[in-house]
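Undergrad: Given the coordinates of chain X, assemble chains D, E, H and P onto it according to the supplied hints.
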Amino acid sequence: MKICQVEKTLVSTNRIKEMGHRPLLVVKEKNGARSVAVDAIGCVAGDWVIAVSGSASRAAAGSKDYPSDLTIVGIIDNWSEE
Amino acid sequence: MKICQVEKTLVSTNRIKEMGHRPLLVVKEKNGARSVAVDAIGCVAGDWVIAVSGSASRAAAGSKDYPSDLTIVGIIDNWSEE
Amino acid sequence: MKICQVEKTLVSTNRIKEMGHRPLLVVKEKNGARSVAVDAIGCVAGDWVIAVSGSASRAAAGSKDYPSDLTIVGIIDNWSEE
Amino acid sequence: MKICQVEKTLVSTNRIKEMGHRPLLVVKEKNGARSVAVDAIGCVAGDWVIAVSGSASRAAAGSKDYPSDLTIVGIIDNWSEE
Amino acid sequence: MKICQVEKTLVSTNRIKEMGHRPLLVVKEKNGARSVAVDAIGCVAGDWVIAVSGSASRAAAGSKDYPSDLTIVGIIDNWSEE
Numbered sequence: 001m002k003i004c005q006v007e008k009t010l011v012s013t014n015r016i017k018e019m020g021h022r023p024l025l026v027v028k029e030k031n032g033a034r035s036v037a038v039d040a041i042g043c044v045a046g047d048w049v050i051a052v053s054g055s056a057s058r059a060a061a062g063s064k065d066y067p068s069d070l071t072i073v074g075i076i077d078n079w080s081e082e
Numbered sequence: 001m002k003i004c005q006v007e008k009t010l011v012s013t014n015r016i017k018e019m020g021h022r023p024l025l026v027v028k029e030k031n032g033a034r035s036v037a038v039d040a041i042g043c044v045a046g047d048w049v050i051a052v053s054g055s056a057s058r059a060a061a062g063s064k065d066y067p068s069d070l071t072i073v074g075i076i077d078n079w080s081e082e
Numbered sequence: 001m002k003i004c005q006v007e008k009t010l011v012s013t014n015r016i017k018e019m020g021h022r023p024l025l026v027v028k029e030k031n032g033a034r035s036v037a038v039d040a041i042g043c044v045a046g047d048w049v050i051a052v053s054g055s056a057s058r059a060a061a062g063s064k065d066y067p068s069d070l071t072i073v074g075i076i077d078n079w080s081e082e
Numbered sequence: 001m002k003i004c005q006v007e008k009t010l011v012s013t014n015r016i017k018e019m020g021h022r023p024l025l026v027v028k029e030k031n032g033a034r035s036v037a038v039d040a041i042g043c044v045a046g047d048w049v050i051a052v053s054g055s056a057s058r059a060a061a062g063s064k065d066y067p068s069d070l071t072i073v074g075i076i077d078n079w080s081e082e
Numbered sequence: 001m002k003i004c005q006v007e008k009t010l011v012s013t014n015r016i017k018e019m020g021h022r023p024l025l026v027v028k029e030k031n032g033a034r035s036v037a038v039d040a041i042g043c044v045a046g047d048w049v050i051a052v053s054g055s056a057s058r059a060a061a062g063s064k065d066y067p068s069d070l071t072i073v074g075i076i077d078n079w080s081e082e
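Residue numbers (UniProt numbering), protein chains in the order written: chain X, 1 to 82; chain D, 1 to 82; chain E, 1 to 82; chain H, 1 to 82; chain P, 1 to 82.
Among the hints, a few may not be true.
Which copy is meant is left open, so a pair is good if it fits within one copy or across any two.
The list that follows gives simulated cross-link-like pairs (lysine to any residue, SDA-like), each with its CA atoms no further than 25 Å apart [what the hints assert, rightly or not]: (1) 30 / 14; (2) 28 / 42; (3) 30 / 63; (4) 17 / 77; (5) 17 / 33; (6) 64 / 80.
Think of the hints as simulated: they come from the structure by calculation, not from any bench.
Just chain X, same shape as in the assembly (with noise of 0.2 Å):
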């Protein structure tokens, strides 16, 4: 799994329907890359989280047909960044 931090929420209003609602947050990895994942904890800005990709992002997002590739699965205790 990735370990990222939040970094804000991401605003799709036009998106496929298969996404429903489900909050879209952007995320950092330490080397600079963001990427976008679906929240399946309820996280905020600046939390170090785990964030699992592939196919079991999707099962981790609430439903295998989900269409995810990064689900966050946990909020990391302490994190610090050397």
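TA: Then chains D, E, H and P, alone, in the frame of chain X:
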């Protein structure tokens, strides 16, 4: 999901029949890497979009049998590439 | 999908039987990275092509049991690599 | 499979229930990239291990429904990182 | 599929039982990155080989339940690494 900007339509007359006539778009990530994505939402050059990869991209393209590995699933309302 | 240029045919006499006699091609991405792709469309050295990766590449190669992770699914009509 | 060194245990109290109480470890690849892996073998900090990614990592974590994309499946007997 | 050179056998006595006794090999890509692959063809150190990744690598390793994400499926007849 990846954050990409739509660059242009890709013309590929000679393609496998399973791809049908779905529009294919050239998208560009912030790091400059170009990929080809199936458009499931209806977007135009210049749009910043969310694209889902992996097995989720097939269903997002309309059918689990569609041969996609990258499908545009939403248009980002506002994106300022800093 | 990836944008690649076909470089040459790859000869591999000793391969697992599930691969059959499908032609294998060496393809090159813009960044110089080389991969091996199954040709599902019929292309020649020099062609710029679209190649699908991941689980979609198996069905695109003709069968869900075909052991491919990269399959050429279309030839790009015009591609000027700037 | 990836070759990684186990760095430490990751504490994530707030995680989706599907993750259960399986131990999560921070692993580091030779290039310095850190990921989080599920431990299916029982290893300790400093061990060099083999970690499987993708859909195979779910079954390796104990169940096809486990939300993992990286699971440690073996400890390397001797590894000298040259 | 990836083009890799076989470097050596990897010894991992302590592995999950699902891996069985299949030989594991350390392979090296042109960019120097090392991975571990399951050998489905019978190759020796120095061979240039084709390795399939992702879900296709499981069936190529002999069973859809085998926990592989990289399996060697062919030996390249002639490869001059320019």
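Undergrad: Could you run down the list of hints and mark each one as holding or not?
TA: Do the hints match the structure? See the list:
1. When the C-alpha separation of residue 30 and residue 14 is checked against a cutoff of 25 Å, the pair qualifies only between copies, where the shortest distance is 21 Å, while the shortest distance within a copy is 30 Å.
2. Taking CA atoms no more than 25 Å apart as the test, residue 28 paired with residue 42 passes inside one copy only; the shortest distance there is 17 Å, against 27 Å between copies.
3. For the homomeric pair residue 30 and residue 63, neither the shortest alpha-carbon distance inside one copy (29 Å) nor that between copies (30 Å) is at most 25 Å.
4. Taking identical chains as interchangeable, the C-alpha atoms of residue 17 and residue 77 lie at most 25 Å apart only when they sit on different chains, with a minimum of 16 Å there against 34 Å within one chain.
5. Taking CA atoms no more than 25 Å apart as the test, residue 17 paired with residue 33 passes in neither setting, with 27 Å inside one copy and 28 Å between copies.
6. For a Cα distance limit of 25 Å, the shortest separation of residue 64 from residue 80 qualifies neither inside one copy, at 33 Å, nor across copies, at 32 Å.
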